[in-house]
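Protein sequences appear in the order of chains B and H.
Going by my numbering, the first sequence opens with residue 1, and the numbers climb by one from there.
Going by my numbering, the second sequence opens with residue 1, and the numbers climb by one from there.
A portion of the hints provided could be inaccurate.
Stated by the list, open to error - Derived coverage of chain H by chain B (criterion: at least 3 residues anywhere in the stretch with Cβ under 8 angstroms from a Cβ of chain B; other residues may be distant):
id, region
1, 15-21
2, 63-72
Stated by the list, open to error - Residues from chain B shown here face chain H by an in silico Cβ test under 7 angstroms; the list is partial:
id, residue
3, 98
4, 102
5, 105
6, 106
7, 107
8, 108
9, 109
10, 112
11, 113
Unchecked claim - Far from chain B, by Cβ distances over 10 angstroms, these chain H residues were calculated:
id, residue
12, 26
13, 129
14, 197
15, 202
16, 210
17, 211
18, 212
19, 257
20, 266
21, 273
22, 274
23, 285
24, 286
25, 297
26, 318
No lab work stands behind these hints, which were simulated from the structure alone.
Fair warning: this is a prediction, and the values are worked out from it, not measured in the lab.
All C-beta atoms in this analysis are idealised placements derived from N, C-alpha and C, irrespective of residue type, glycine included.
Letter by letter, the chains look like this.
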Amino acid sequence: MNRLLSAIFSMLGIVPARRYQALARQVNELKSGSADWKAKAAEAMNRVRTLEQEVRRQTQLAGRFKLAAEKADQKQTELDALQSRLEHAERELSGAREHLMVIEVKLDILEGAANVLDGRMRTAAPQRTGQTGVPA
Amino acid sequence: MSLPDTIPLVSLVLTGRNDGYGGDFTSRFFRTLRFNHTQLRARGIAHEVVFVEWAPPPGNPLLADQIFDAIPDLDPGVCAWYVVDRRYQEALSLNPRLEYLEFPAKNVGVRRARGRFVLTSNCDVYLGRRVLEALESGRLAPRVLYRAPRHDIKLTVDQSSLDWAVLEDPRNLDGPAHVLKPPYMGSATGDFVLLDRDSFHEIRGFNEIYRGARIGIDRNVLVKALSSGLTIEDIGGPVYHVNHVGSYRVAPAAYAGREAEAPWGDRRWHASGVSYANPPTWGLSTAPQRQATDRVSYLDFSWEAVPPLVDLRRVVLPVARQGGPPPGQYVRKR
């Protein structure tokens with residue numbers, strides 16, 4: 001009997017208050033859910049924009065880093081070349097110093113010999129006095 | 001000179017003369033030789049003493065005439081004594097301030113030494129225990145130049161009764177004991193250079209080309225040794241030197257600022273940076289030799305035996321051996 005009455009009321013667009021309240025609650029919940037989703041969507045959009053900005057920034061940074069890396073590579077190559085030239089110069093300098101030492105030692109020997117010979121000559125010279133042909 | 005046919009293990013090459021060097025040279029020398037000979041004999045180390053009496057002053061008795069009376073225990077059979085005409089000193093000198101050409105004198109002994117190993121030292125150097133042990137053990141290797149650090153004994157120590165107790169007492173040391181540092185193991189090198197005879201002949205002894213200084217010639221032989229592919233090792237213990245008046249050790253800075261006037265020559269010469277190639281006649285090998293007694297020979301003077309006053313091509317760059325330390329190092333002289 002109740003079911004029959006409910007069907008008749010339903011055909012007339014009349015629903016029980018209990019059901020009406022339940023449906024109204026559902027509508028409210030759906031409205032509320034829709035607002036949440038809108039907020040989440042807005043938040044997601046914001047995040048997408050932020051991430052896009054970040055990507056652009058990172059891309060720019062990567063570009064700058066790439067440039068810097070290329071420059072660093074170039075500097076490293078120049079540095080290697082300088083290092084190589086420095087080592088070569090050091091070897092040259094070391095060799096030059098060695099030669100300088102040899103030359104200085106040889107000069108010492110020559111100086112010593114000159115002094116010795118000078119001394120010998122001065123010792124021998126007085127013995128020849130009177131043999132010069134110069135009248136006394 | 002009649003010497004035993006057997007080859008001694010070691011020839012102890014010394015040089016000196018009766019000129020009062022350092023105050024009382026003769027007594028110091030006799031004391032030291034007595035000690036070393038006694039120690040070598042006690043350990044059964046076959047040795048000979050090669051003494052070069054270089055350019056003895058006229059009027060003073062020769063050491064050769066005194067030594068066997070002074071040390072009756074010294075077996076004449078193990079002694080080879082060479083008295084070198086004093087005209088060689090003048091003929092070889094490149095520096096009139098040098099009164100004693102120590103290393104050409106030592107070369108005379110090295111050239112004529114018979115031992116399997118040749119030890120060049122000085123007349124006031126006492127061999128230490130470790131040195132004697134190394135000789136006794138037979139562990140010496142060819143192509144190794146052995147060095148020993150020198151421990152200096154204070155001037156104030158009573159020298160008349162030096163024994164192990166006195167020599168090894170740290171309180172008697174004059175300053176910290178020397179430590180040898182690679183690659184050269186230098187420092188007082190003239191007091192101890194021990195090398196097998198063949199290698200000593202291969203390098204042709206000490207530098208005879210640069211005769212303007214006495215100091216540094218000993219260190220220069222280390223450059224030559226490294227340059228020739230020899231190795232240098234610390235023998236493991238010291239020798240002892242008793243300080244005396246006039247020693248470079250006592251007054252190394254006495255000629256600071258006027259180095260060229262020093263009686264040992266200019267110490268700033270490049271002893272660590274150059275090498276040499278002595279002529280084949282090194283050690284006055286062509287000097288006329290006259291036997292005076294069965295143990296004493298005279299090397300008479302002859303211009304034929306005197307090397308040229310100047311022989312510049314024999315001053316050479318040292319060779320750097322692969323894996324070895326660089327033998328040369330520039331030191332600013334002036």
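Each hint tested on the structure:
1. 15-21: violated (count 0)
2. 63-72: Since 0 is below three, the answer is violated.
3. 98: Since the shortest Cβ distance to chain H is 5 angstroms, the answer is holds.
4. 102: 5 angstroms, holds
5. 105: 5 angstroms, holds
6. 106: 5 angstroms, holds
7. 107: Result: violated, 10 angstroms to nearest chain H Cβ.
8. 108: 5 angstroms, holds
9. 109: 6 angstroms, holds
10. 112: 3 angstroms, holds
11. 113: 5 angstroms, holds
12. 26: The claim holds: residue 26(H) sits with its nearest Cβ about 30 angstroms from chain B, beyond 10 angstroms.
13. 129: 39 angstroms, holds
14. 197: 28 angstroms, holds
15. 202: 22 angstroms, holds
16. 210: Incorrect as stated: the minimum Cβ-Cβ distance to chain B is 6 angstroms, not above 10 angstroms.
17. 211: 7 angstroms, violated
18. 212: 4 angstroms, violated
19. 257: 18 angstroms, holds
20. 266: The claim is violated: residue 266(H) sits with its nearest Cβ about 8 angstroms from chain B, within 10 angstroms.
21. 273: Residue 273(H) is in fact no farther than 10 angstroms from some Cβ atom of chain B, at 4 angstroms.
22. 274: 5 angstroms, violated
23. 285: 22 angstroms, holds
24. 286: Holds, since 21 angstroms exceeds 10 angstroms.
25. 297: 28 angstroms, holds
26. 318: Non-interface label fails for residue 318(H): nearest chain B Cβ at 8 angstroms, not farther than 10 angstroms.
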